[in-house]
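Q: The letter at position 334 of the sequence shown is residue 334 when you use the numbering used here, and the numbering goes up by one with no holes.
Derived from the structure by calculation, the hints contain no laboratory data. Honestly, I wouldn't trust all of these hints.
Taking lysine-lysine pairs in the BS3-like style, the calculated list, with each CA pair at most 30 Å apart, reads [said to hold, decoys possible]: (1) 217 <-> 291; (2) 240 <-> 291; (3) 217 <-> 274; (4) 240 <-> 274; (5) 240 <-> 217; (6) 291 <-> 330; (7) 291 <-> 274; (8) 330 <-> 189; (9) 183 <-> 330; (10) 218 <-> 240; (11) 189 <-> 217; (12) 240 <-> 183; (13) 274 <-> 218; (14) 274 <-> 330; (15) 218 <-> 183.
Just so you know, these numbers come straight off a predicted model, no measurement behind them.
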Amino acid sequence: MLLVRVKSQYCRGISQYDRCSPNSGCACFYIAGAIDIGICSDQFVDCSELVPCEHSSNLCREPGHTCVHHPQCHNLPVCYPVPSFNQQLCPPIQMINTTTTTTIPTTIATTTKATTQQLATTTVSDDDDGICARATWNPIGITVAGGGRQGTALDQFNSPGALFVDTDRSVYVVDSRNNRVMKWDFGAKSGTVVAGGIEAGSDNNQLRRPNGLVIDKKSDSLFLCDLGNLRVVQWSLGAKSGQPIISNVSCIGITMDNEGSSYLSENDEYRVSKWQRDATSSEIVAGGHGKGSTLNQLFMPSDTFVDRIHSVFVADYWNNRVMQWPAGAKQGIIVAGGNGQGNRTDQLRNPSAVKVDRLGTMYIVDALNHRVLRWHQGATAGNVIVGTHKSGTAANQLWNPSDLAFDQQGN
Numbered sequence: 001m002l003l004v005r006v007k008s009q010y011c012r013g014i015s016q017y018d019r020c021s022p023n024s025g026c027a028c029f030y031i032a033g034a035i036d037i038g039i040c041s042d043q044f045v046d047c048s049e050l051v052p053c054e055h056s057s058n059l060c061r062e063p064g065h066t067c068v069h070h071p072q073c074h075n076l077p078v079c080y081p082v083p084s085f086n087q088q089l090c091p092p093i094q095m096i097n098t099t100t101t102t103t104i105p106t107t108i109a110t111t112t113k114a115t116t117q118q119l120a121t122t123t124v125s126d127d128d129d130g131i132c133a134r135a136t137w138n139p140i141g142i143t144v145a146g147g148g149r150q151g152t153a154l155d156q157f158n159s160p161g162a163l164f165v166d167t168d169r170s171v172y173v174v175d176s177r178n179n180r181v182m183k184w185d186f187g188a189k190s191g192t193v194v195a196g197g198i199e200a201g202s203d204n205n206q207l208r209r210p211n212g213l214v215i216d217k218k219s220d221s222l223f224l225c226d227l228g229n230l231r232v233v234q235w236s237l238g239a240k241s242g243q244p245i246i247s248n249v250s251c252i253g254i255t256m257d258n259e260g261s262s263y264l265s266e267n268d269e270y271r272v273s274k275w276q277r278d279a280t281s282s283e284i285v286a287g288g289h290g291k292g293s294t295l296n297q298l299f300m301p302s303d304t305f306v307d308r309i310h311s312v313f314v315a316d317y318w319n320n321r322v323m324q325w326p327a328g329a330k331q332g333i334i335v336a337g338g339n340g341q342g343n344r345t346d347q348l349r350n351p352s353a354v355k356v357d358r359l360g361t362m363y364i365v366d367a368l369n370h371r372v373l374r375w376h377q378g379a380t381a382g383n384v385i386v387g388t389h390k391s392g393t394a395a396n397q398l399w400n401p402s403d404l405a406f407d408q409q410g411n
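Please model the complete structure; the sequences and the hints are all you need to start from.
A: Here's what the structure looks like:
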């Protein structure tokens, strides 16, 4: 751990460069190595005056300087001057607190380029999703797994589905019709089978049309929706077989919250259920009132995302919308789509997945529009960031995309 003494107000819960003081000349600069913590300081320091922090420790040797992210000037963290009168220069606005000492972890996550879109390189802390409010993505994708003909070889897929990007630069892919899960190491030309892959079956070393996937780092295990066997399987990484933990469930998607509870998208029951870590009890957290389009119903919940306060976001496939169910709510809120099926930016056509960043912005896989939308919190329409509304195999096109995953760099 590195103890950084900051004689300044700090900013938390707002974006890089956001206004943090009644003084419009002040902005929030994220502290290198911190998690969602920045200093509020003068934003008009010339880039030529800034030098990189010490790479291994994020230290600044110059007195009165703090190591911060400033991507408008440098890709790497820089030493930023914080004058002794900074609290007077940048006084706090309402709901912004002050502090004199902030403890910053020095561990920096490695960059993971595992998905097909690429951001400019920045250094981020381990729990940061790497996505800033002004982020843009290269519209030209890079193939990192598969990409050849449909097949059963180790460099091929047959109906790839759920994705998981690990911190070690590897990508896990559910290869549904091949009844297996594949792991592709960073830069590899082919994958390795990490679950299933023998033939379709119901033995503990077999899978049948698997779908959802999540990796639990605490138990070092895969958790899989084994849809064809109507079960959820826990499969320890490196093991030859898995262990069924939930039976008689039509699970098509699975995610976990920060407490280790699992959330299952149940196709036949038109609901999302929450299961405690021991998998002995569950509760309905979204839907559960039969298929339909009212606010307490779902019609094929294809994917689920759970945020830090346990709000549940659901890609409601046949209703062409994304719903948010706050913790304990009896009905949901339409937060994207819901304007009929179509290809306008306020419409969706069979959304298959949704992810939400720490700023509350949604990223929606709009499957039959062959695109990914970025949809800001409270917005009435999204912005296309990947693909178009036409299917294709070019580097800027998608073909019925099924899932989305970010690495720690925001790619």
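Q: What's the verdict on residue 240 and residue 183, does the C-alpha distance respect the 30 Å limit or exceed it?
A: Holds: residue 240 and residue 183 sit about 14 Å apart, inside 30 Å.
Q: Would you check the hint for residue 274 and residue 218, treating anything up to 30 Å between C-alpha atoms as holding?
A: holds (19 Å)
Q: Within 30 Å, alpha carbon to alpha carbon, are residue 218 and residue 240?
A: holds (19 Å)
Q: Is the hinted pair residue 189 and residue 217 satisfied, with a Cα-Cα distance of at most 30 Å?
A: holds (25 Å)
Q: Between residue 240 and residue 217, is the straight-line Cα distance small enough, at 30 Å or below?
A: holds (18 Å)
Q: Between the alpha carbons of residue 217 and residue 274, is the straight-line distance 30 Å or under?
A: holds (19 Å)
Q: Decide if the proposed pair is consistent with the structure: residue 217 and residue 291, CA atoms, cutoff 30 Å inclusive.
A: violated (34 Å)
Q: Check whether the Cα positions of residue 291 and residue 274 lie no farther apart than 30 Å.
A: Holds. Residue 291 to residue 274 sits at ~19 Å (cutoff 30 Å).
Q: Straight-line Cα separation of residue 274 and residue 330 no greater than 30 Å?
A: holds (14 Å)
Q: Given the hinted pair residue 240 and residue 274, is their alpha-carbon gap at most 30 Å?
A: holds (28 Å)
Q: Do the alpha carbons of residue 183 and residue 330 lie within 30 Å of each other, as the hint requires?
A: violated (39 Å)
Q: For the pair supplied as a hint, residue 240 and residue 291, is the alpha-carbon distance within the 30 Å limit?
A: violated (38 Å)
Going down the numbered hints, you'll see the structure goes against 1, 2, 8, 9, while the others check out.
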